[in-house]
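Sequence order for the protein chains is Z and S. If you read the first sequence in the numbering used here, its first letter stands for residue 1, the second for the next number, and so on. If you read the second sequence in the numbering used here, its first letter stands for residue 293, the second for the next number, and so on.
Hints are computed from structural coordinates only; laboratory data are not their basis. Remember, predicted model here, so these are calculated numbers, not experimental data. Among these hints, one or two may not hold up.
As the list claims (entries may be wrong) - Rough simulated footprint, nothing fancy, chain Z against chain S, three-plus residues with beta-carbon under 8 Å:
no.	region
1	309-318
2	368-377
3	380-387
4	463-474
As the list claims (entries may be wrong) - Just the calculated beta-carbon pair ranges, DEER-fashion:
no.	chain 1	residue 1	chain 2	residue 2	range
5	S	Arg363	Z	Glu263	35 to 41 Å
6	S	Asp358	Z	Ile103	43 to 49 Å
7	S	Glu498	Z	Arg189	57 to 63 Å
Glycine is no exception: its CB is placed at the ideal position from the N, C-alpha and C atoms.
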Amino acid sequence: MTIANAVVQGIFLGAFYAVLACGLSIMFGVMRIINLAHGDIAVLGAYVVFVIVQATGMSPFVAFIVALPVMIVLGYLLQLTILERSLKSGILTPLLATFGLSIVIQNLLLIKFSPDVRSLGGEAGAVTTSSWQVTSGLSVSALGIVILVVAVLVFGALQLFLSRTRAGWMMRATAEDADAAELVGIDSRGVYARATALAVAIAALGGLFLAIRSVFDPLSGPTQLIFAFEAVVIGGMGSLWGTLLGGLALGVAQTLGAQINPEYSALSGHLLFLAVLVVRYGGGRVSLRTAR
Amino acid sequence: MTLLRVENLDCRYGLLQAVRGVSFEVGRGETVALIGANGAGKTTLLRAIVGAHKPYGGRVHFDDADVTSTRAHSRVSLGIALVPEGRRLFPSLTVEENLRVAATRQGRWNVQSVLEVFPLLQPRRHMPAANLSGGEQQAVAIGRALMSNPRLLLLDEVSLGLAPIVVDSVYRSLAGIISEGTTVLLVEQDLTRALKVAGRVICMLEGRIVLEGEAASLDRDRVVSAYFGLQRPA
């Protein structure tokens with residue numbers, strides 16, 4: 001029963017990783033940008049929610065709705081000011097630009113909020129503490145279910161958006177051939193800005209879940225980025241459903257590893273990541289040139 | 293009535309000058325063929341007209357408005373559409389999605405009317421564009437350009453890489469589109485075909501226009517010598 005429990009807890013954990021990874025996957029899929037500041041943007045989102053909760057005393061979930069427009073505008077501006085310029089000068093520049101952005105966000109958060117560790121778990125109310133005992137060895141937490149349901153809803157809504165709506169086709173068309181997209185009347189700059197706004201908004205959702213299910217501080221971003229990045233790679237870069245499955249696989253690998261020894265949690269996730277890399281790219285070299 | 297006026301256009305790729313001081317006009321309802329050997333600058337010229345290539349100098353006027361600094365997607369909404377060289381479809385989108393994503397201007401052309409002109413696409417409607425044959429892809433590319441209901445349609449080597457029988461059917465559909473009054477500027481390697489479909493011919497050589505005239509008034513030998521630069525203008 002403990003293995004079953006580990007798998008179930010792993011799925012809940014993995015749903016959280018999938019939400020974190022979703023925006024990373026969108027930005028890579030649409031613009032071929034690997035956003036090294038993605039984790040820090042998620043943490044920034046957590047702080048925005050934190051500030052609203054502190055000021056108003058509202059539930060973090062409601063505060064997130066309030067924070068959402070802020071994050072969307074931030075995403076737009078990020079694309080139009082930093083990423084668009086850096087995209088013009090090759091594949092390496094966005095990587096450096098987002099690496100710099102990551103450092104800037106961390107330090108701004110340190111200045112504003114000090115290195116104190118925070119959590120929104122208390123403010124979120126009963127959802128963080130409720131759980132159901134299914135059998136003696138298996139319990140299901142309310143928060144785990146909330147995160148899993150939200151993750152499936154987010155990925156499902158994105159899938160519908162991309163496959164059924166004209167705006168979604170425009171995003172896919174631009175992702176596949178931005179130059180040709182312009183030629184059929186699609187404003188590729190606008191599509192890129194919307195994609196980044198979407199990615200930043202979903203990153204903030206990941207930040208909210210991070211803040212509720214555990215703790216965060218100004219330097220939490222890079223760890224979140226690593227897990228998100230691993231989820232994207234395990235699921236196959238640029239594939240949306242792959243990212244969801246990749247996140248779940250990473251979560252299950254971590255909880256199964258922890259079952260053997262709590263110290264093996266992150267390690268077994270990394271091992272899965274490496275195994276996927278070896279199986280998928282084994283024999284051949286992964287070069288930056290083929291990534292474009 | 294002039295629809296397109298290109299003035300002294302100069303396009304460069306770094307140090308390479310692909311288009312050198314090209315000026316010409318295309319009147320409303322005209323069909324003009326742009327011919328010339330590989331590397332003459334035809335594709336670059338078309339890309340500059342639609343805004344996909346930023347010219348080094350010169351101006352592009354469309355319908356009496358200067359569009360030189362207008363971005364490509366905005367020129368589509370003004371009524372300029374290009375069928376690019378190599379078709380450039382969106383491979384994961386279905387035929388219908390490829391068409392509908394390009395529907396920027398209302399008018400005679402919609403998914404239904406495009407499928408009527410290219411009936412071979414009807415059974416392929418819900419298939420990803422990546423799975424189509426070359427001729428079908430070319431039909432989608434032309435249909436996609438038509439979806440914006442262009443006033444000026446630019447076609448870049450629509451016959452490239454297609455079997456002669458497929459080229460015939462593409463040109464038959466094209467003749468129907470031209471007869472409806474759409475202004476067309478097309479790049480074509482096949483001289484006979486260009487002279488047959490176009491009212492006027494512009495021949496480029498090494499980035500310059502070396503010959504321009506009514507298709508009916510030009511004899512083949514003059515065009516051929518201009519095409520290969522046998523009699524270089526001083």
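Going down the list of hints, with the structure as the test:
1. 309-318: violated (count 0)
2. 368-377: That given contact holds, which follows from 5 residues of the region 368-377 of chain S lying within Cβ reach (below 8 Å) of chain Z.
3. 380-387: holds (count 6)
4. 463-474: The restraint on the region 463-474 of chain S is violated, since only 0 of its residues have a Cβ under 8 Å from chain Z and three are required.
5. S/Arg363 <-> Z/Glu263: 35 to 41 Å: violated, 55 Å
6. S/Asp358 <-> Z/Ile103: 43 to 49 Å: holds, 44 Å
7. S/Glu498 <-> Z/Arg189: 57 to 63 Å: Violated - the Cβ-Cβ distance for S/Glu498 and Z/Arg189, about 34 Å, lies outside 57 to 63 Å.
Comparing the model with each numbered hint stated earlier shows that hints 1, 4, 5, 7 do not hold.
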